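*Asks:* Here is what each chain is made of, one letter per residue.
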Amino acid sequence: MSESEEEDFVMYGTPLDPIEEDDLKRKKPTSVEDQIVTDEQGRRRFHGAFTGGFSAGFYNSVGTRDGWSPATFTSSRQKRNATMPRGAEHYMDDEDVGEFGFAPKGIIATDTFISRLDSAKLLAAKRRKMEAGTEVIPGASFLEDMITPVKDSKGVVLLRQMGWKPGQGVGPRVSKDTPEEGEEEERKVYGCHIPEEFRKTMEKSEITFAPDDAPAWILVPKKDLFGLGYSGLQRGNVLGLEASVSGPKLVMAEKGNRRVKITGQAFGVGAFEEEDEDIYGTEDLTKYDFELKSNVEKQKSRDPKDREINPYKKYEGDDVPGFVLSRVVITPKIYKPPPIPDSYRPKYRLYPSCKGIREPNSSRWDIKPVERAKEETQNVKVGLNRHSLSSRERGALLGEEAAPRKELNEQILSLGQEPVEDVTPASTALALLPTKAESKFSGSTFRPKIRPFSRDLEKQKRYEQYLVLRQNNQADQLKSLQPSNMLDADRAQEQAMFERAATVYEPLNSGIMSRFVSSGTTDATKPLPEIEIQPDVKAANMKMYGKLTRIVAEWFPGDLLCKRFNVKNPHPDSKEAQSLQETKPKTRLNLADILGEISVPSSSQVEVSQDSLKSSDKTRTSPPRLVSPVEKKVDVAKITVEDHSLIPEACEEPEMIAEEDIQRPSIDLFRAIFDEDSEDESEKVTVASQEPDEMKSRTTPPKNHDDRNSGVKSAMFSSRNISKTNEDSRNSRDDASRSSTGNAGILANLDLKSLEEKWKTNTEALFKKFSLEKKSQKEVKISAPVDTYGPSLPPLASAQVDDELTRESSKKSSDSEDSRVSELRSGRKKMKKHKHHKKHSHKKDKKKERKKSKRRSSDT
Amino acid sequence: MPTESESEEFKVECKHTLNCKNGAFRSVAWNVDGNYCLTSASDKSVMLWNPHKGKLLQSYVGHGSEALVARSSGDNGSIASGGADRTVILWDVATAAPLKRWREHAGKINGVCFNELSSVVISASADATGAAWDTRSKSKSAIITFGKFGDSATSAVVDEAEVLFGCLDGKVWRFDLRNGKQITDTIGAPVVDAEFSSDSQCVLVSTMDNCIRLFDKVDGKLLAEYVGHVAKDFHVRAMTNFDDSLIVGGSENGKLLFWRTVSSNVVLTLDHPEVSLVNGCAHPKENKFLSIARNVLRLWGSPEDDPDSEENIE
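For the record, the sequence lines run as chains A and B.
The opening position of the first sequence corresponds to residue 1 in full-length UniProt numbering, with each subsequent residue numbered one higher.
The opening position of the second sequence corresponds to residue 1 in full-length UniProt numbering, with each subsequent residue numbered one higher.
Chain A extracted, bound-state conformation (with noise of 0.2 Å):
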């Protein structure tokens, strides 16, 4: 029976397992909390806060599974625009954007825009809406029934009311079998086929169908910039709609039988090549021959169509319909212009009216007439605008003098040319100007290019005169020209000030610019001016050399080169003396300098001389003395001979060596902690050296040195006799003088330099005996001229003839001699004592001196 019952039911699909008991358990529906929403990799998707919270990242932690890794430096050498991700969708998942996401991506019209018609759900939901009551306004439903938007244009729902579907033609229906006419009779038919009487009256039976769908014809307004009748790729060419219909576009050339067509295709044909029947891209199966037809079957059947269809018929010569070509050209007509009349002027003329022109005194920034009128009235009304007022105008009503306003060209002008009227004396002390003054004045030779008081131009007049007052050497009455409401101490700064001002802005006057005429004074007739001769070049063209030719002036030749020198400082304490003439002596003098120097002395300090200052250290050191009126004029005497003969030494020894000197410990110092031994042994050789010199000095004679010396006297006492006999007094006087600074008799062993020259014979001959040669020649020459002279006086004879002459160069000769001397003196018992470093070097020296000279003996 089951069987049978089994064989009467039909079964579809796979039956379900049978159910068993203990499954039903589980059926238990599950609880809200275990009612977890995830994500499509089956994670959860809502975590804490109340499960509001987005899943992200792995499982809501940051990074991945390996837990956090921070971004790596990747070289964007490589990948220079790499865009990095910026938006909030860059750091979202997928899920989120997609549909059911908080961001989805897809456009999906909200419940209010769907058709009301379509939306069975809506209506339903209207519908109950309505029977409840519910309806929170009674009738709503009915206004937004009215407001639906329009889907589809009024035409496309009449045509739908009346049957239309979309896709279908319009018109009356048609049967299968209204074909057209021609095309019935030429069809040949193969194959089996329906009668056509019998087909006829079957399909004229009561099916019919709706006509096709008429493409529209649209005029497409030309867009692109191919050129005519060309349409690039095109999307519905892959379709394959519009090329299947229209063929092909353009055809370029007819060769022989083969059309070379180009398509609405990319190029990629050769010029040689065929290209292949584009089977895949025709979809249509238009594109197809079902027909036997002729070439020119078809031409004839696609040509007309082709006139028809295709708008843009490409110009083929004169034969466009309806046009011909114009057989006039058309020349365009240009007009003379007008003449102008002969009485025209081309002159711009100013109208007062207009707004924009300024007035030709004014500024950018001076209120325009027309604005100040307005702004007049405005200020009766309103009270005074202060801020309206220009500078000038606010001056006048403050009663200050306008200042005179200067233009920057006439600024510039002011620098070259001084109008002759700013100098215009102006207050009664100026009558103490001396005419000639004035008449320089205006004169061409006095004319001050540069104006370096011009912000003051009360001082600057009062410089520009106290520059007459300094030319007429009256400068001292700069002070009546001051105003007499001026301190004491400012009038003397200010005076100071002028003199610097003046020392520093001097026109060349002297050598240099007596050479130059400027090219505006040139005057073939004037004569040059002639070169201001010096005395001094004066007396030496007239061949008065001596005291009118010579200038002696002191020197400060610092300690090192005096060291170098072996010679005793000259100046010793004249460091400040010194750093005083070098302060700056490469720097170029500079105003600001100038002025800051300036005003640092007090009134009672500038009168101070100047030559106090530059000759001496000791006035340097004592206080700054007042000096009378008197004494000042010498003074300037004073300066005026010794400043020439000081400039010169501007430029000394730079003040660091001498820093040098005082900063480092005296070798002494060094030698008593360092070197004991070596000091023994040095002066051992020391004394050992000097003593066969001194011993060669005593006992051979002086050298060609000495006689060399005498000879040259006596040369030069001959000549003076011939030349001029009236100086005999003098020339003995020059004579023992002479003889106290060069080397004369015993004296002369004891000089520096005999010693010096005694060292290099020595050294000659050590040279000697080290060489190859024999010297036997050599030594008769030398020692002949020797003879001559006779021997030395003995050493008791020397010391006499030094006290005298001690005597005499302290009667005759000035203070420095005096000091020579002694200074001879002492360096001698320094040498004795052998403590001056200055000695041990010089010894050292002579050692590696003579080591050398040994050295080189060898080599030659």
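Honestly, the hints are just simulated from the structure, not real lab data.
Note that the structure is predicted; figures quoted are calculated from it, not measured.
Nothing false has been slipped in among the hints.
In silico DSS-like links for lysine-lysine, alpha-carbon gap of 30 Å or less:
| no. | chain 1 | residue 1 | chain 2 | residue 2 |
| --- | --- | --- | --- | --- |
| 1 | B | 181 | A | 568 |
| 2 | B | 140 | B | 181 |
| 3 | B | 181 | A | 547 |
| 4 | B | 181 | A | 538 |
| 5 | A | 568 | B | 138 |
| 6 | B | 148 | A | 547 |
Okay, the calculated bits of chain A under chain B, using three or more residues with CB under 8 Å as the criterion:
| no. | segment |
| --- | --- |
| 7 | 536-546 |
| 8 | 555-566 |
Backbone N, C-alpha and C define an ideal beta-carbon position, used for all residues, glycine too.
Let chain A serve as the given structure and place chain B on it in line with the hints.
*Replies:* Leaving out everything else, chain B in the frame of chain A:
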């Protein structure tokens, strides 16, 4: 002695002719003892010769431009040279290596000399200054700069403790270290060369007005004038011989002239085949002279001297 020498007939003959093949000589100087001589030439080199044997011993190359002047030190250990490249170079004689190079001058170096201890080099430059350079310290700057001359300094000479500069401003500047004085003598014409006489009592000044003048050092009086040569455009130098009996001076017309110091007569004129600037140099110990004309260096000596005896001197 001087009277004798005056009466004597003075004769010299050319002993050696040395040719510097590279360029013209600019200056010549004996060393201290007169065994060697130094020349500076336009080929940027300073050369050490043994003129008695006619041998080139060493050349010192390192100037950036022509070497204008070279002098040897008193110990014969070093050479100072100045060039148109504005540097003063101190050379080691044996190794021919430049020991020091001083570059502070802004103009070419016209004169260079050592002091007697060879511890200082004095230079005269066309930048209107003179400078003293320390040969012992490592300092690259000058110990002292001598004055602001009116024009370029043309010569520098040191005698004992006096430094003498000739200057184109027509003055001779003497700096007396011992007394701390600066003595300026106006000569008038541009001074091309100023030398001390061998007894250092006089100053011999050559100027560009075809004249050499001898001045008393002490009072600056003119003692004698020597004319007969041509010195208008170039550095025509003059110096006294070893005993001051003669003045040797060059000329621009290819002649070397000898004057008697006292009588200021021209004793001898040596014509050079090169008709150009000739400068001479007197031996420090005997009557031997060197002359340079273009690229030829000549040694002149008295005809009695046997050339072989020169070798004995060495």
